[in-house]
Amino acid sequence: MNTKEQILQEIDSLSEPQLQTILEFIYSLKPKSETTHSKAVQAFLVSLEERQEVYRRLANS
1 MNTKEQILQE
11 IDSLSEPQLQ
21 TILEFIYSLK
31 PKSETTHSKA
41 VQAFLVSLEE
51 RQEVYRRLAN
61 S
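Note that the working numbering gives residue 30 to position 30 of the sequence shown, counting from 1, and the numbers run on in steps of one.
To be clear, the hints were calculated from the coordinates, so they are not data collected in a lab.
There are no misleading hints in this set.
Distance windows between CB atoms, simulated:
1. 61 with 32: 39 to 45 Å
2. 60 with 28: 44 to 50 Å
3. 4 with 40: 27 to 33 Å
4. 14 with 49: 28 to 34 Å
5. 4 with 55: 39 to 45 Å
In silico DMTMM-like links for lysine to aspartate or glutamate, alpha-carbon gap of 25 Å or less:
6. 4 with 16
7. 39 with 49
8. 30 with 10
Every residue, glycine too, gets a C-beta built ideally from N, C-alpha and C.
Throw the hints in and build the complete structure from the sequences for me.
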């Protein structure tokens with residue numbers, strides 16, 4: 001069994017609060033620029049979704 005398989009096996013036995021802690025730890029291992037980029041992309045997607053109606057109206061006029 002490789003490391004990834006062992007981790008997945010252990011994850012199956014954890015409670016939700018423990019899983020949240022593990023997720024936060026995993027995020028802390030990632031480079032800061034990757035996390036920042038991800039947040040920027042998420043913000044863009046939210047913005048795009050919010051303005052989708054406006055874009056549709058402009059396209060139809």
